[in-house]
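As you go down the protein sequences, you meet chains A and B in turn. Just so you know, we're using my numbering here: the first sequence kicks off at 1 and counts up by one. Just so you know, we're using my numbering here: the second sequence kicks off at 1 and counts up by one.
Everything labelled a hint here was simulated from the structure, so no lab data went into it. All C-beta atoms in this analysis are idealised placements derived from N, C-alpha and C, irrespective of residue type, glycine included. Some clues are possibly wrong.
[To be verified] Here are the simulated DSBU-like cross-link-like pairs (lysine-lysine), alpha carbons at most 35 Å apart as the crow flies:
| no. | chain 1 | residue 1 | chain 2 | residue 2 |
| --- | --- | --- | --- | --- |
| 1 | A | Lys107 | A | Lys155 |
| 2 | A | Lys97 | A | Lys40 |
| 3 | A | Lys40 | B | Lys201 |
| 4 | A | Lys41 | B | Lys145 |
| 5 | A | Lys64 | A | Lys40 |
| 6 | A | Lys41 | B | Lys66 |
| 7 | A | Lys64 | A | Lys96 |
| 8 | A | Lys96 | A | Lys155 |
| 9 | A | Lys64 | A | Lys12 |
[To be verified] Among chain A residues calculated to face chain B with C-beta under 10 Å, some are:
| no. | residue |
| --- | --- |
| 10 | Ile26 |
| 11 | Ala42 |
| 12 | Cys122 |
[Unchecked claim] Just the calculated beta-carbon pair ranges, DEER-fashion:
| no. | chain 1 | residue 1 | chain 2 | residue 2 | range |
| --- | --- | --- | --- | --- | --- |
| 13 | B | Val344 | A | Ala25 | 34 to 42 Å |
| 14 | A | Glu11 | B | Leu78 | 26 to 34 Å |
| 15 | B | Glu68 | A | Ala42 | 16 to 24 Å |
Given next are the chains, with one letter for each unit.
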Amino acid sequence: MQLTNRAKKLEKKPMTLAERAYLPAIFQGLSITMRHFFMKKATVRYPEEVRPFSPVFRGLHVLKRDEQGRERCTACGLCAVACPAEAITMVAGERKKGEEGLYREEKYAISYEINMLRCIFCGLCEEACPKAAVYLQPDKIAPPRYERDEFIYGKDRLVEPVSPDARSVRGIQLTPEQADALRNKLAQQPA
Amino acid sequence: MIELPALGWQSIVIFVVFALSLLIATYCTYAERVIAAFLQDRVGPDRAGPYGLLQPLADAVKMFTKEEFFPGGANKALFIFGPCLAMITALMSSAVIPFGNNVSFGNNSFFLQGIEVNVGMLWVFGVVSLGVYGVMIGGWASNNKFSLLGAVRAASQNISYELAMGMSLIAVLMMSGTLSLREITLQQSVAGEWHFWNIVKQPLGFIIFCVCAFAETNRTPFDLPECETELVGGYHTEYSSMKLGLYLFAEYINIFVASAVMSVLYFGGFNFPFQYELRDWLVSSQGWELASAQNLITVLGTVGLFAKIFGFIFFFMWVRWTLPRFRYDQLMRLGWTILIPLAVVNILITGGLILFGVIQ
């Protein structure tokens, strides 16, 4: 069966003198490699230069907050059920009085862990979430680590950081000065 | 005014050539990787220092800190002696190559050449042939069948191609009438005459010599002694640490020497076009002294010779990343049934042309 028309018909006939001398073929080959010498290189020098990600890329997870900076996750466990790799575990807890500024619903996740070594980044957790809490970011990847433990991401690394302007101390909104001071403090801390 | 006995001057030249050979071999490893990368649309090593220029240093540190391994049943003395011999012979062969014309300080005039012997070309040939002993001894002493196979291949390949190489050279020697590399260089450019480099008179001889030089230095497409796809690593399979480094270094120094010899024999050595015109112009219309004008010409000529050498080294690497390796029977057929008869025909043609006075 003929799949393409690129197949070359070969005839088995004795080689001509030029073919046997081999030198023309060598110069042909040399000219091909010399053309490649001046071609644009395919290399991306990674740490300095990052290949752009596709907008639909599914990377590192994030647990979102709502407009008032409260965690959206209610620890319903649907993401863990949906997860084909069983990478997600969580412990649910009840919101106490005075924590209304921290958690959106009456139930929240005391701990929420994703094992990035198990995760296959399929995005089913994102689809399963009824509260629009978990997302796979299109611009971040789980960086390489030395220890297996370090791939288990807890809430400390998953929850979206609160912008200092939206932060409150015991229910009282920070003043702009306090927010600036907090921003400076955060900027000085090593990541 | 510096008073230097000729021997002192020669030892300085030898020392500089020694250091230069090592430096060039070091940076050949870097150049090889960068050229390979460029020919394959990559960028090559660029992490160590600006443009990866410190990469050879990193490689050297790696080589020196690796474990010195001796395979069981190996002949330890010969196992050490092999790489040493390869390195010594590689370094020795550059001693007779004229790297520049004469320079003069005051009353002293010196030639930029390690030793001037009237059998210069024989010296290069002899020492380069000795080089295969390093490969042979190392491969045999490893007590490894792959090493032994590589060593045997190296020996037979070197012997086969040395014949054709020597015969292609005879044509050059018939024209020059001398084995001295200095004389051969000087004959390729004569003041006041329209003179050509030997490549114009010996194109066939040059092609034969060039192919044989590839085979003598064990470079692709003739790298059968160390072909990693068949023989693991060939003769240096069992070598590690700096002993392996010495073998690789010796290979690059051999390339450097082969490039230098080709430049001297066929591409005019340190001569460059219009050098005498430039010197006479400096003397007559710029008011330079003859000696200082000659010194300038010498320096330019040395730079030119190194440009030719680097061009050949680039060619060696360019070919390596273009051509596939020959099969062993193809290698032997090319050597014995094509190159040697061609070299004989070349001798006959040259003899005829000399007889009828077309070339001299």
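These are the hints, each one checked on the structure:
no., hint, result
1, Lys107/A with Lys155/A, "holds (16 Å)"
2, Lys97/A with Lys40/A, "violated (63 Å)"
3, Lys40/A with Lys201/B, "violated (40 Å)"
4, Lys41/A with Lys145/B, "violated (41 Å)"
5, Lys64/A with Lys40/A, "violated (42 Å)"
6, Lys41/A with Lys66/B, "holds (33 Å)"
7, Lys64/A with Lys96/A, "holds (21 Å)"
8, Lys96/A with Lys155/A, "holds (19 Å)"
9, Lys64/A with Lys12/A, "violated (69 Å)"
10, Ile26, "holds (7 Å)"
11, Ala42, "holds (5 Å)"
12, Cys122, "violated (33 Å)"
13, Val344/B with Ala25/A: 34 to 42 Å, "violated (25 Å)"
14, Glu11/A with Leu78/B: 26 to 34 Å, "violated (54 Å)"
15, Glu68/B with Ala42/A: 16 to 24 Å, "violated (39 Å)"
In the structure shown, a violation is registered for the earlier hints numbered 2, 3, 4, 5, 9, 12, 13, 14 and 15, in ascending order.
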